Every structure is written in structure tokens, then in C-alpha cells.
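*Asks:* Spelled out, the chains give:
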Amino acid sequence: MLRLSRSILGFENLKVRMMSSITESFQTAQQRLKHLKDEPDNTTKLKLYSLFKQSTVGRVNSKRPGMLDMVGRAKWDSWNSLGDMTQGEAMQEYVKLVNELSGSNSTTEETTNNSGNLEGYPGLKIERRGKLRIICFDKPKKKNAIDTQMYRDIVSALSVAAKDPETSITVFTGTGDYFSSGNDLSNFANIEGTIKEAAENAGHLLRDFVGAFIDFPKPLIAMVNGPAVGISVTLLGLFDAVYASDKATFQTPFSALGQTPEACSSLTFPNIMGLAKAGEVLFFNKKLTAKEAKDRGLVTEIFPDASFRSETLPLVEKFSQLPVNSLVYSKELVRSQLNDRLHKINQQECDRLVERWQSADCIEAIMNFFSSKAKI
Amino acid sequence: MLRLSRSILGFENLKVRMMSSITESFQTAQQRLKHLKDEPDNTTKLKLYSLFKQSTVGRVNSKRPGMLDMVGRAKWDSWNSLGDMTQGEAMQEYVKLVNELSGSNSTTEETTNNSGNLEGYPGLKIERRGKLRIICFDKPKKKNAIDTQMYRDIVSALSVAAKDPETSITVFTGTGDYFSSGNDLSNFANIEGTIKEAAENAGHLLRDFVGAFIDFPKPLIAMVNGPAVGISVTLLGLFDAVYASDKATFQTPFSALGQTPEACSSLTFPNIMGLAKAGEVLFFNKKLTAKEAKDRGLVTEIFPDASFRSETLPLVEKFSQLPVNSLVYSKELVRSQLNDRLHKINQQECDRLVERWQSADCIEAIMNFFSSKAKI
Amino acid sequence: MLRLSRSILGFENLKVRMMSSITESFQTAQQRLKHLKDEPDNTTKLKLYSLFKQSTVGRVNSKRPGMLDMVGRAKWDSWNSLGDMTQGEAMQEYVKLVNELSGSNSTTEETTNNSGNLEGYPGLKIERRGKLRIICFDKPKKKNAIDTQMYRDIVSALSVAAKDPETSITVFTGTGDYFSSGNDLSNFANIEGTIKEAAENAGHLLRDFVGAFIDFPKPLIAMVNGPAVGISVTLLGLFDAVYASDKATFQTPFSALGQTPEACSSLTFPNIMGLAKAGEVLFFNKKLTAKEAKDRGLVTEIFPDASFRSETLPLVEKFSQLPVNSLVYSKELVRSQLNDRLHKINQQECDRLVERWQSADCIEAIMNFFSSKAKI
Chain A
-16 MLRLSRSILG
-6 FENLKVRMMS
4 SITESFQTAQ
14 QRLKHLKDEP
24 DNTTKLKLYS
34 LFKQSTVGRV
44 NSKRPGMLDM
54 VGRAKWDSWN
64 SLGDMTQGEA
74 MQEYVKLVNE
84 LSGSNSTTEE
94 TTNNSGNLEG
104 YPGLKIERRG
114 KLRIICFDKP
124 KKKNAIDTQM
134 YRDIVSALSV
144 AAKDPETSIT
154 VFTGTGDYFS
164 SGNDLSNFAN
174 IEGTIKEAAE
184 NAGHLLRDFV
194 GAFIDFPKPL
204 IAMVNGPAVG
214 ISVTLLGLFD
224 AVYASDKATF
234 QTPFSALGQT
244 PEACSSLTFP
254 NIMGLAKAGE
264 VLFFNKKLTA
274 KEAKDRGLVT
284 EIFPDASFRS
294 ETLPLVEKFS
304 QLPVNSLVYS
314 KELVRSQLND
324 RLHKINQQEC
334 DRLVERWQSA
344 DCIEAIMNFF
354 SSKAKI
Chain B
-16 MLRLSRSILG
-6 FENLKVRMMS
4 SITESFQTAQ
14 QRLKHLKDEP
24 DNTTKLKLYS
34 LFKQSTVGRV
44 NSKRPGMLDM
54 VGRAKWDSWN
64 SLGDMTQGEA
74 MQEYVKLVNE
84 LSGSNSTTEE
94 TTNNSGNLEG
104 YPGLKIERRG
114 KLRIICFDKP
124 KKKNAIDTQM
134 YRDIVSALSV
144 AAKDPETSIT
154 VFTGTGDYFS
164 SGNDLSNFAN
174 IEGTIKEAAE
184 NAGHLLRDFV
194 GAFIDFPKPL
204 IAMVNGPAVG
214 ISVTLLGLFD
224 AVYASDKATF
234 QTPFSALGQT
244 PEACSSLTFP
254 NIMGLAKAGE
264 VLFFNKKLTA
274 KEAKDRGLVT
284 EIFPDASFRS
294 ETLPLVEKFS
304 QLPVNSLVYS
314 KELVRSQLND
324 RLHKINQQEC
334 DRLVERWQSA
344 DCIEAIMNFF
354 SSKAKI
Chain C
-16 MLRLSRSILG
-6 FENLKVRMMS
4 SITESFQTAQ
14 QRLKHLKDEP
24 DNTTKLKLYS
34 LFKQSTVGRV
44 NSKRPGMLDM
54 VGRAKWDSWN
64 SLGDMTQGEA
74 MQEYVKLVNE
84 LSGSNSTTEE
94 TTNNSGNLEG
104 YPGLKIERRG
114 KLRIICFDKP
124 KKKNAIDTQM
134 YRDIVSALSV
144 AAKDPETSIT
154 VFTGTGDYFS
164 SGNDLSNFAN
174 IEGTIKEAAE
184 NAGHLLRDFV
194 GAFIDFPKPL
204 IAMVNGPAVG
214 ISVTLLGLFD
224 AVYASDKATF
234 QTPFSALGQT
244 PEACSSLTFP
254 NIMGLAKAGE
264 VLFFNKKLTA
274 KEAKDRGLVT
284 EIFPDASFRS
294 ETLPLVEKFS
304 QLPVNSLVYS
314 KELVRSQLND
324 RLHKINQQEC
334 DRLVERWQSA
344 DCIEAIMNFF
354 SSKAKI
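Protein chains in written order, with this note's numbering: chain A, -16 to 359; chain B, -16 to 359; chain C, -16 to 359.
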């Protein structure tokens, strides 16, 4: 009983933390809305207006405008139609709608900003250098944690890179000290609606995200500039070369969080390092140094942190000059007997995580995680 | 012809050595009988009496007791019914019957002796420390060689550990200097009956033994405290973490003994270390140091011999605190595409060994082994 | 257009170089003909005569001999029947015919020359030492590059070694500084006929060559005495132990030559070293030192170059004393779940190479290779 009460208390506590995270997503979405290439139609604009008002004000609190103020009246009606929707729900609906709008945008032609980076990917910096395409986790204040929008954007960025005949090699790296701290735990904020629905949606998103890496037809290279955690580690098992700074570390604390492996690491890690060394990492949360990760085959080469980018970038630029067909066909051969198995384990892993995310183990472990963070 | 005569001579020599081994099993069985939880019924008691007499005395050598001594008469009849059964056969029947009795016992609730260890496992010491269960090879005078009874008891101990909700992690280690010298070659003593039958029985036992490791649903950790030989090495390929003393060594002298790999090592070793490094170990009897075994991925970490237990035990105790469901589900994912293949290769390996054990290669190699031991 | 012209020019240049290579094969074939065990029948002799004349002289340039000179007339008729066949085509037909004749010869009993080596394998030195059979690349002036004839002879030498009950282990090594520089690029000389036919023939040859390694039932050991390139590296993934000199290097420049992996390396290399380390080698032409190749599991052990042969030879000789049945059955177990997958990937790799060899990528890359060589 004591335990249960602690859970409930912790759960409320978690909700408060998560609301601040929803608020943050809501603010990002507002920025994002400004950069849409195509202006939304009037119906969508009304929807955006009403969700924004419900989010910031709550239930409609003014009188219905008169018949002659047709625009004001349409806005009021739309806001009013949201009834008792909570502010949290409204923010999430707003975020979701903006995401849909920018998602359909990102399939159009690429636009470059002043610094030569591709636009429209908040939290990511996407750069083209000749036949090289560099996707950079770019949220250094949050240790490059991957939020829901970034998952979606990476899927779309990979799809563009796969189709672009001028791209031969795609690189992932991070801005600042971290490669990536992995899944943004504030993604768990999406537990408005039932937990079950949220877990299932997250499962589908994860499956599609990992699937995009499995199916990516051109070489993928990781330049791991610093610590990597969770899914930013497990994904490496699907890469075609992994270069790491000597300050990089690798940790997958699944069981500590009541969770289970993802990104096909249940299959790739034992293939790479054998069952015992994989077990220590996947089951027992072992944190690997760059040296250990190289010895276990997860990392290809290590470079000194100070010269990491200046040594690895010329290397991958050289690779990007190789005949693209040979690269694609070579990768196709390597994956010919593997990709079916990867998709199968990806599905199994996601199904299990959907169950885990709804389990007491996981909820309690995540609360403990936040509590211990709060103490520091 | 010369070669054949040497074989026959060696074979007789082998029989003498093996008789001493049967005698030993017979003595162990007598001890074991005293610790049965449930008293055998009267029919079984009579059977045990008659086999004991035939074993120690031989064919009945007294007159049938008179009609009034009903118990004496029943005993005499039972003994007499064994006719010309040899003493060796009688000992083996006795051992077999005691094993059956204690086997059916071991599924009942666990009992603990004064030192906190579970009872009823001669040659093994089984200890529970919180959610950790430690199965210890405990026959240091025989370098922790695994005899037929230990094979059976380990299957049963694993079955109990799998079902016990209070056990999260199971550890194997050894008492004394050795981890285990592997298969007790005096198991080959069971060649009363035809060699064919004995080989087939041993094949079934081995298949079930290895099968219990394949199917074990919770993490298995090996604490390899010293030299490991044969099946105590090959089994490691099925473990989820392997910690080794820096004095541990690893050797699988299959071909030197005219045999072939077992415990799925035909599949796990190439998966762990690649075909070439596995070939050297599985085909050419290469003995690995702890360092080499770690470099090849068979061992996870090495610890100084002096502090081996004091460093590894806290580690595995910490692991045992992790949420058991996450551990079980993580292992299930890792094994989802593997266990069918493991069972298949296990069967193939056992079938091949049943053939090998009946081959001249093997019989001669084992005799040479005993001869060379005798010379030292 | 500029690019195309360069291709055509380069292509002509390539043809000149290749003609010198055809001439070389033609000369070797003449030597080879002298060592046939069985004399060809008269029809074959006539065919050989006419192809030789067409090769060296061209179209028949004398009058038809009179009716009484029956032999002279038969020769003239045969030569005349070749019509306008070019000298290049005639040389290739001649080489092909001699190969067929010596191919059918090599299945007969083995003959040994003065230095104890088996005869009839130009470019190879095949030696028997007890139960050891050593196949040595023996074309040091061409860095032990493997030409078409050597591919065929190795298939036949492996077939003999597999069947010979006195052979337990087969070793590959090289004469001189190199292990092997891989595929003899002058094999591309066989582009008389259409390129398509030549590519398809080469694809069949490669498939059968690699297939012979996949199916070889006894342990295969490589003693890599020096640099290894291309197929002499990828084949190592099919070996059961690989010993290397510390001066050996390992390179597979597929994509640099517009090609794709062969010899099942698409499957074996990721199995041995993981996807990322394999990717660097198979996609990005990474040249490995002996130490790196050992760390990645491609090499079993490294020995100092000065004592390489004197240290490794006693080792493999000792292995060759092990019971051959145990070796064969052990290897059979290891390969039981693997060989079907190896044959499948072998076929896929060959199909892809047949496509690649006809691609502009590949033709241009090979021309660049020859040009850069010419510049040195």
C-alpha cells in the first residue's frame, strides 16, 4: 500500500513535470508555424486559432460577436466548439496539427537558410556538403534528446536523402558536447488521452522511425561526438561505420527504466558482440567507454576529441566520392539476408515496449529517474 | 592388428578404472538415499535392499528364510530374483533407482541446510542471496567434473529457478581452483548394457541438459573462478554475461578426444568470434587464456583472481535488483530469432556425439587420455 | 561527352594491355600442353594445330597440299576452316581447349615432380606433407594474382583434397612477399566475344570457385605470408583458421573499382566483425593491418614475419594429426545452418558482379586503375 501511494504521488508529480514539457512543445509549435512554406487554408487557420485560445485562455469567456463581425463570429464558434477540452489537451491538439502541416510541407523541395542548412527541422541541423548529407542533433540545451517531432523529421529527412541522386552518404552527428541523450522522456508527456493510446501511438512512431534506418539504401555513418544514451546507441547497430570521439560513452539503461531494447539492438548487438557482451549492455545497463565500444565492435574507429570533426569529416567526404551505385549495391548485398529479420525484431521490440510503457515497472522507474534528477 | 590389440587391452584397462567410478556413484547414492524427503514405499524398499545386496555380496548366498519370517523371506525372494546380475549392473540399477526417487523429490519445496544452502544436490551447492540464485559446482577433489547425477540435478535446479518468482538472476560458479573440468569421463562408465544404449542415453541426457540452458528465461551469469574445460566452456556461449578470473583458462579438446562440439557451440562460437577464431577453438583444441577469451567475446570482463568473488558478487547482486520483467522480456527479445536454431543444432550435435561415442576414434582417444594421465 | 570520349580512348588503351595478357595465357597453355598425361586424339590435335597457326600466323596463307599429303591436307583444311577468326580469338580458343584437356586430366592420379610438388598447376605449387596439403599461390612476379586458369585449377585441387583420405587439412599460402594481389585484372582481357558473355562466363567461374570453398568438407587454414587484396581477403571469411605475418595487410577495394563484394563477404564479414566494421572494409576500401584484421576477427593469430613459416607450419602439421572424422564432423556441424545461406549470397554476389562488370562505373574505374599504374 505504501508502495502504491508512493506511485500515485509520484504519478501526480510526473504530471506536473510533463505539463511543463507540453508547454514547451506548444511554444516550439508556434515558432514552427511561422516557417511553413504553404499558408494553411481558412478552415485550418480557424482550427489553429481556437486551439491556441483554448490552450492559453481555456473555455471561451466572451459573448458571441454580432452578425456583422463575420470573422469574429467564426472564430468564436470554432473556439466554443472545443467546449470543456482541457488546456493540456488543446496544446497537444495544436502541436499535432502544426506537425501535420509541417510534415506535409517537408516533402516539397528543400530550402536552405543563410548558413547553408536546410530549413524546417526544429531540433535538427541538416547540411549538404557535396554528396555528403549531415543530419545533426541540434538541441544542445536538452543534450540533443530526441522529441516526437524530431523522430518524425528524421524519417522524412532520411526519405529525402534516399531519393536524392546527389547524395551518396548520410552522416549523423550532434551539436555540442552530447551526441544524443536518447529518447526525450518528456515524450511521455503525451499521456493525455488514455495511456494505452499514447503508448500505441509511440509504438507506431518508433517502429516507423527504426524502419526508416533499416530500409535506408545508402551508407549511414555516425560521427559520435560525445555521450550517447538509449536509442542513439541502439541505432548504431544499423550503421555502416561508426566513428567516435574518445570522450564518447554508450549507455542503454533499459531495465533500469523498466523498459526493453529497441532499434533492433536485440538482434544487432548479439550479432556484433556475442550474447554475453550484449547481455551486459542490454540487460544490465553497462555503460561503455569509447574504447570498450570499439573492442565490442559497436564503434569502428576512435579519434581524439579535440580533432574529432577535423579528422572524421575529410574521411567521410572522401567516401562520398565513391561510385554511388557500388555503395548502394554493396549495402543491398550485405542486407539481403538481414533486413527481413530486422523488420521482424523491430515489430516485436515495439510491441513489447507498448506493453512496458503501460506497466507499473516502467512508470515507477521513470518517476524514480525524475526524482533522482530533481535531487541533484 | 597391433593397433587393435592395443585397443582391446586399453579397453579392459578402461573398464577397471570405470568400475571404481561406478563404486563411487554407488556410495554417493547410499548417502543420497538418507536425505530423501519422502520415505519410499515397501516395494521400492525391497528393490533397494535386493540391489544393495547383489551389489555388495553378489548372487544370493543364504538359504530362503522360513515361512514365519515374512519380512526376511520377502527380502530373500527379491534378492534371489536378481539371479546372475553382475555386481556392476546391480550398482548401476541401485544408483538409477535412487536418482529416480530423489528426482521426483526435487520438484517439491526447497529445504535449506545449516549453512543456508539448498539440500539434495550432491556435487552442487545451491545458494540463494536475495533475488540471486547461485549454483556452484562443488566437487573440488574431482576438479568439479560434471557427473550424470549433476547433469540431472542442474536441469531440475534450473527448472526451480525459472519458476521461482523471487529469483531474478541465476549464477554458475565453482568451488576451489577450478570452474569445472567438464564432462566427468567416468560417465563413460555407464557402458554396462550395450555401448549403443549407453551412448543413446547419454545423448538424451545431454540434449535435455543443454535444452534447459537454451530455454532458461531469466539472465544467466557465469562467474568463472578458474580453469574451464569442455562443456563448462561451450555452455558459456549460452550465458548472458561471463565474468572470469584472470587465472581462468578455456579449453574444448573435442577432436583430441575423437569427439565433436556440444552445447550449441557449433553455432554460438562462430557467432561470437567468427568462423576462423571459432575453428581454432572447436577443431584444433586451442586453449584460451582469460584475456584471449575476452578478446574473442566469450568472456565479458576479467577480474583479478585474488578479489574475483568479492568484486563480481556485488555486481551480480546489484543486477538482481533490476525489474525482473524487463530482464525476462529483454532476454525473450534477444532469443526470439535464435532459440529455434539453438534447439536444432543441439539435437544435431547430440546425434553426432552418439555416433562419435561408439567410434574407434573416440574410444581410442579416451583410452589415450587415461593412459597419459596414468603416466604422470 | 568529354567523359564518354575519355572512356572510349581508355577502353582502346585497355584492349592493348589486355592483348599482352592473352598472349601470356597463350604461351602458358603451350607449356601446359606438354605436360598432359593423356595424349589428345587426332581430331583434337588437328584443332590445336589450326588454332595455333591462326593465333601465330593469322588466316591460312599457303596453297592446299596435294591429295597424297593426307596429313598436310587435313591440317590445311582445319586451319582454313577458321576463316577470318582474329588472332586474339584463336589464342583464347586455344587456351580454352588446353584448359579443357588438362582439366579432365587433373582428376586422374597425382604426379609429383623432382621437388616433391604436384604437377600440372601453372601459377600454383601444391605440396603434400603427411596429412597436410599446401596450395601455394606461386606467381610472385605478378604478386600471386589469380588468373582464370588458377581459378579453375584451385577448384580441381580442392576437389582432389576433399576426396583424398590421406589429407586431413588443406592450407593456402603464397610464394614471395605477397599472399595474393587478388583477381588478375588481365582476366578482364576475356572480353573477346560480347562483354555480356564474358561477364556471364566470369560470373559462373567465380560462383563455382567460391562454391568449392563453401563446400570444402575438411578444415581450411590460411597462412597469409604478406599483403592480401580483393578475393584473397574475402575468401578468408570462409576459412577455419587464418594465421598472418605481421607484415600482412588486407584490402578489398570494391567500390573504388566500381564493383561489389564477393566470396560471401557480404555475409561473413558482418558476421565476423559486425555491420559497422564490415561496412568500412566492404564499402569504403579500408586497408587493414594484420593487427586490425585480428582485432576484427578476420585473422586468428599473428606471427613475426621473419619466423612466419617456421612457426606456423609445425602448428598446422600438428593439427593435421587430429582424427580426420572429428574434424570433418565438427566442421559439418558448424556449417549446418550456414552453408545454404553462403550459397545463396554467393549467387547474389556473382549476379551483381556480372551487372557491375558491364557498367560504366566499373569500366571507368578499371581504366583509372591502369592509368594510375602507368603513371608510376
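Some clues are possibly wrong.
If several chains are the same, the list does not tell them apart, and a pair holds so long as it fits within one copy or across any two.
Below are the BS3-like pairs computed for lysine-lysine, each with C-alpha atoms no more than 25 Å apart in a straight line [claimed, not checked]:
1) 79 <-> 301
2) 17 <-> 274
3) 108 <-> 46
4) 230 <-> 274
5) 327 <-> 20
6) 274 <-> 46
7) 301 <-> 270
8) 58 <-> 108
9) 327 <-> 108
10) 124 <-> 46
11) 30 <-> 327
12) 270 <-> 30
13) 301 <-> 124
14) 79 <-> 114
15) 20 <-> 124
16) 270 <-> 114
17) 108 <-> 230
Simulated from the structure, these hints should not be mistaken for lab results.
This structure is a prediction, so every number in the text was calculated from the model and none was measured.
*Asks:* Does each hint fit the structure? Answer for all of them.
*Replies:* Results of checking the hints against the structure:
1. 79 <-> 301: Result: close neither inside a copy nor across copies, 40 Å intra and 42 Å inter.
2. 17 <-> 274: neither (45 Å within a copy, 55 Å between copies)
3. 108 <-> 46: neither (45 Å within a copy, 81 Å between copies)
4. 230 <-> 274: both (9 Å within a copy, 24 Å between copies)
5. 327 <-> 20: neither (37 Å within a copy, 48 Å between copies)
6. 274 <-> 46: Neither, since 67 Å and 80 Å both go past 25 Å.
7. 301 <-> 270: Intra 32 Å, inter 15 Å, cutoff 25 Å: inter-copy only.
8. 58 <-> 108: The answer is neither: 36 Å in one copy and 77 Å across copies each exceed 25 Å.
9. 327 <-> 108: Cα proximity of residue 327 and residue 108: none, with 31 Å in one copy and 41 Å across.
10. 124 <-> 46: Intra 43 Å, inter 93 Å, cutoff 25 Å: neither.
11. 30 <-> 327: neither (39 Å within a copy, 55 Å between copies)
12. 270 <-> 30: Classified as neither: same-chain Cα gap 47 Å, cross-chain 59 Å, threshold 25 Å.
13. 301 <-> 124: Neither. Shortest intra-copy (32 Å) and inter-copy (32 Å) distances fail the 25 Å Cα cut-off.
14. 79 <-> 114: neither (33 Å within a copy, 45 Å between copies)
15. 20 <-> 124: neither (27 Å within a copy, 65 Å between copies)
16. 270 <-> 114: between (35 Å within a copy, 23 Å between copies)
17. 108 <-> 230: within (22 Å within a copy, 44 Å between copies)
Violated hints for the displayed structure, listed by number in ascending order: 1, 2, 3, 5, 6, 8, 9, 10, 11, 12, 13, 14 and 15.
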